[in-house]
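Enquirer: Take the sequences, apply the hints, and build the full model.
Using my numbering, the first residue of the sequence shown is number 9, and each one after it goes up by one.
These aren't lab readings, by the way, just hints derived from the structure by calculation. Keep in mind that this is a model prediction, so the values were computed, not measured. You may find that some hints are simply not true.
Stated by the list, open to error - For each label pair, taking beta carbons as the anchor points, the in silico distance ranges come out as:
1) G46 / H102: 33 to 39 Å
2) I97 / I77: 29 to 35 Å
3) V129 / C68: 16 to 22 Å
4) M98 / G71: 38 to 44 Å
5) L69 / F115: 28 to 34 Å
6) V45 / T111: 29 to 35 Å
7) V129 / I93: 22 to 28 Å
8) I77 / H102: 32 to 38 Å
9) S31 / E67: 38 to 44 Å
10) V45 / I97: 25 to 31 Å
Just so you know, even glycine gets a beta-carbon here, dropped at the ideal spot from N, CA and C.
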Amino acid sequence: MKKQRPVNLDLSTINLPAAGKASILHRVSGVMMFFAVGILIWTLSLSLSSEAGFNSVKECLDGGFFKFIMWGIISALTYHFVGGIRHLIMDLGHLEEKGSGQTSAKFVIALWIILSVVAGVWLW
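Expert: In structure tokens form, the structure reads like this:
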């Protein structure tokens, strides 16, 4: 007995429009920020515990790996903020058409890339 299975199971053939990519990135950045809160609270708690704790956090911030983590957190926050403004504008009834929605999504992604590069240069 031959089962009728879906033919197109190759996920690499799916080509999302810019608005779809922007929406998925907004969700991913939200999840990243959720986990980033734990890292930020831990570093704040350690830095406020004592002078030695503060110096320990300061030494961590000088390391490349921790700077990369901080860059990821800043990038996620930046994208979520810029994407959130786009969603708020859309909630007001603007940029809801297909063409303007695609354009605004491309603009948000481009602005995020630029701001992430600026954040990376600022950290290093």
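Enquirer: The structure should be examined with respect to each hint, and the outcome stated for every one.
Expert: Checked hints:
1. G46 / H102: 33 to 39 Å: holds, 36 Å
2. I97 / I77: 29 to 35 Å: holds, 31 Å
3. V129 / C68: 16 to 22 Å: About 20 Å separates the Cβ atoms of V129 and C68, which means 16 to 22 Å holds.
4. M98 / G71: 38 to 44 Å: holds, 40 Å
5. L69 / F115: 28 to 34 Å: For L69 and F115 the Cβ distance comes to about 32 Å; the hint holds.
6. V45 / T111: 29 to 35 Å: With a Cβ separation near 33 Å, V45 and T111 satisfy 29 to 35 Å, so the hint holds.
7. V129 / I93: 22 to 28 Å: Hint holds: Cβ distance 23 Å, inside 22 to 28 Å.
8. I77 / H102: 32 to 38 Å: holds, 36 Å
9. S31 / E67: 38 to 44 Å: For S31 and E67 the Cβ distance comes to about 39 Å; the hint holds.
10. V45 / I97: 25 to 31 Å: holds, 26 Å
Hint compliance for this structure: no hint is broken.
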